[in-house]
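Given the coordinates of chain A, assemble chain B onto it according to the supplied hints.
Residue numbers (my numbering), protein chains in the order written: chain A, 35 to 590; chain B, 35 to 590.
Keep in mind that the hints were calculated from the coordinates and are not lab data. There may be inaccurate statements among the hints.
Copies of the same chain look alike in the list, so a pair counts if it works inside one copy or between any two.
The calculated lysine-lysine pairs, modelled on BS3-like cross-linking and capped at a C-alpha distance of 30 Å, are [said to hold, decoys possible]:
id, residue 1, residue 2
1, Lys445, Lys157
2, Lys378, Lys415
3, Lys440, Lys559
4, Lys378, Lys445
5, Lys445, Lys281
6, Lys281, Lys189
7, Lys442, Lys381
8, Lys440, Lys415
9, Lys440, Lys381
10, Lys415, Lys531
11, Lys157, Lys559
12, Lys157, Lys449
13, Lys231, Lys197
14, Lys582, Lys536
15, Lys415, Lys381
16, Lys442, Lys341
17, Lys198, Lys231
18, Lys186, Lys281
19, Lys157, Lys186
20, Lys198, Lys281
21, Lys418, Lys449
22, Lys440, Lys418
There are 2 protein chains.
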Amino acid sequence: MIDTQRAADAVSPLDRIRQAYQPRLPRGLSGSIRLHLDPEPLVSDYPAQILEEFPNSLNKPVVRFVQGEGGLTTEAITVGVVFSGGQAPGGHNVIAGLLDALKSANPESRLIGFLDGPIGIVKDNWIELTPELVQAYRNTGGFDMIGSGRDKIEKAADLAACKKTLESHNARGLVVIGGDDSNTNAAVMAEYFLQQKSSVQVIGAPKTIDGDLKNDLIDASFGFDTAAKVYSELAGSICRDSASARKYYHFIRLMGRAASHVTLEVALQIHPNLTIISEEAEAAQWTLEQVVDQIVDVVVRRSAAGKNYGVIVIPEGLLEFLADVKVMISELSDILAADESHIKTLKRRTDRVDYFNQKMSPAAAATYAFLPDSIQLTLLKRDKHGNIPLSQVETEELLMGLVSQKLKALKSEGKYSGSFSPLGHFFGYEGRCVQPSNFDADYCYALGYTGAQLIRGGVTGYTISAQNLAAPVEDWQMGGVPVTSMLVIEQRKGKPKPVIKKTLVDLQRGPFRYFASHRGDWVEKDAFLYPGPIQYFGPSDVCDARTKTLELEAED
Amino acid sequence: MIDTQRAADAVSPLDRIRQAYQPRLPRGLSGSIRLHLDPEPLVSDYPAQILEEFPNSLNKPVVRFVQGEGGLTTEAITVGVVFSGGQAPGGHNVIAGLLDALKSANPESRLIGFLDGPIGIVKDNWIELTPELVQAYRNTGGFDMIGSGRDKIEKAADLAACKKTLESHNARGLVVIGGDDSNTNAAVMAEYFLQQKSSVQVIGAPKTIDGDLKNDLIDASFGFDTAAKVYSELAGSICRDSASARKYYHFIRLMGRAASHVTLEVALQIHPNLTIISEEAEAAQWTLEQVVDQIVDVVVRRSAAGKNYGVIVIPEGLLEFLADVKVMISELSDILAADESHIKTLKRRTDRVDYFNQKMSPAAAATYAFLPDSIQLTLLKRDKHGNIPLSQVETEELLMGLVSQKLKALKSEGKYSGSFSPLGHFFGYEGRCVQPSNFDADYCYALGYTGAQLIRGGVTGYTISAQNLAAPVEDWQMGGVPVTSMLVIEQRKGKPKPVIKKTLVDLQRGPFRYFASHRGDWVEKDAFLYPGPIQYFGPSDVCDARTKTLELEAED
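Next comes chain A alone, as it looks inside the complex (with noise of 0.2 Å):
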């Protein structure tokens, strides 16, 4: 059971008062609105398999939000709500503006939280989340109001009991808070209830903190302010540690495992020394040597500076984009695949190292003896799904050690006479459930209001849009995109499967180019910045500001 009730004064101060903040409604969502239908359907071309599982969510148009009236139901309706997938600040407040929203369009109506994700719904655990339930989670982080959980209602089984459950409830419609995946998921939820003839209505809210959920109608997905926010702060703190004890260098690793739009956010924010952008090293084609070599390159320009400190910063999913490490883990998953148990055996390095350079490419093979030992072995393990655990490799840590044999090298080659003192970091939970920023707070309540005019307008299948997010708030256009059209077909577990396309750092846009354009004076002069924490109060340059993201896309 979740603990949904908390003393009134078992809660921190900034909590205390920032349950009283109200926040700022668009202006299309403010008084007397209606649902405005664009005239022609965004996609008419769709990929066979979508024609084929989606035949009743097809052609569906985007929908707006604009002042005047009529087309939104003023009946007492009922609408679920839950969260799927990971913690991103700001959830609480989609809940809030959702609970708003319905009772502001009539009193009667009744927001039903279904508890730890998606699997409540099977099972029908729920909560009513009552005015005065909400009250206590307004502005704060955390999913913790109802929980989360990462199942998909993909079974028939499992979705004949979402039906059941939410006709139950008599609901008129369900908000999934999630992801590319939640919000597909959404969509597969709305075909069902299409086909079985039910009226229970799907709408997705676009939540990451990776950021990798937008587009031309969805300009950020929400969390991402917060999250960026939280690591600029304690990445930019390590900068001015760096440059106060001027010894070490500080590896930081941030979240983001397909996308770099975290570190990119970050780098913005920041100025690092050095920063790696998956995308970039992606279309360049780097090697994993060729990354230590950028890094090495700048420890040896800083010492000649007379500088042994400073601050890399690279994303989670760094490996998984390098050119050679690509082929090698191809090659290494076929070999283990027929040659486990005798690969079991080869305990030391150099029988491993043998035995590959028989087995593999060249090339492959070089970049696996290029491994540190502990790697190496890790490499060799699988998971439970059978994939090789690319992702346990702490990549900080082995750039770190990379890092310090190529510079021991050219030490004894006399190219470089530096101290090397690397330091590891990895930011990914410290930002997930704090505060949400005035931005995310702001937006959440929009996406969730919304999303139950959404609802009241009687569609399916959307996911809630939201342009304009870098102007203020009354300017932003809050509407709907149906989820449809933004699926593509991706290869997921060895089967073709519709997906909602991640959206990954885009090298012509303004934000990667912005930071191409200035990485340069970032290298060997020191020009860090400290953003400094989160601040909800105070001068609206401080409080209110948008991620250099946002900011650099609109200008594009």
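Just chain B now, kept in the frame of chain A:
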């Protein structure tokens, strides 16, 4: 060289606005003030070694500043300042307060900053700290204005070099911003200058985020407030993540090799399910296995309540306080000294355990055998001082492994049926260079301001004192305490040495008593609090809150 000049636009929005913040001043430092000397010296009964080493620095009275006139020079003077040791938030404000007080007494007075720590005095490496330069660093974090270093001025040649440097600048005094050892070193310099009939005065400012430089006359060291708040933000966010995801145990290790003040303060701020305090562990003579059993007990009880998640907080220095670990390290040290080359051949766990079973006492051998493989190996290495590198052990990882083992055993006995997924974190560098809290900004400014007045008042060999810090700034009582009155004799590297005794957590005082009487409520219930990021603007409840440690000590 230090990059001393930063373009006005090369600062973060927060730093730009904070540069304009004018710290509040205690009444005793505002307007016309005078130096008040206590009628009697604080200490009359010194240890023999202190009598011998500090003949000119004894029997001095505590001094205080009160409103009034007289006794403070208005001559134009030159003062030097230096950072010594690790970074702590607020250091730049000590310098700002020092400069403002000097310039306010006589606009011709000058402040010079020695670079990269005390070695900068020896080498006469310095910059002029002009109002323009200092302006860019007001209320910022870090020590990067002039850098810091860990050198101590103890050798005769270094002392003579410092005297030469300071006299060549015609310096009236030197302010050393540092921790316990650095303040001791300030007293050594003060005594040397007195012996050499030099008029240079030396004053120390109490700095350390560990919070262990405090006594009846110094309520708190600077930096503790801010650093503890950053760690509380991070650890609190992790508590919320734990309560949201409901599937991980987070083990959080916090700074504090000797004292557990930081860990205790964070526990009081966030209410983790279990917190271990080194001082209690030592007083109760807990063994490593007893600590593990306490954690296991919490995990089992929470699992029975349906909660397979939680947060455990431990101090960095815990292992050194555990009864059995101390014995084992002592025996291991002797055995290694006698037989290191043979021990290095013991690659297999069973060989090592057999060997130490023969050589160690049964208790110590059992402790060694209890440790996982990797840590057994770490403890067989020795650091450059010949010590066993206990501090290199990642205590949270050690505990995670040992708890996991015990839970497996309990599961096989049918006494536990939960899941246990532990994740480790260590927070240190994140909190040392962040922008100082309002408290530390004000406090550091008052420390610097007081330092200038102590020099104007002609005293030397003092640490700046500060009382009544739990009260509003206006009511703080600033002054100076003779360093010699705080010295005790302790063994350092095998020799008796005068040192300022670190103030550990007192199990009889308010902070620990409050913790001890409430922690039972935090085990099974999720009583987590989420303090959130440090706030500089907005409601006083949020922005000016003292640490729980300071509040509860004030109530004693």
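(request) State the violated hints by number, sorted upward, taking the hints as numbered earlier in the document. (result) none
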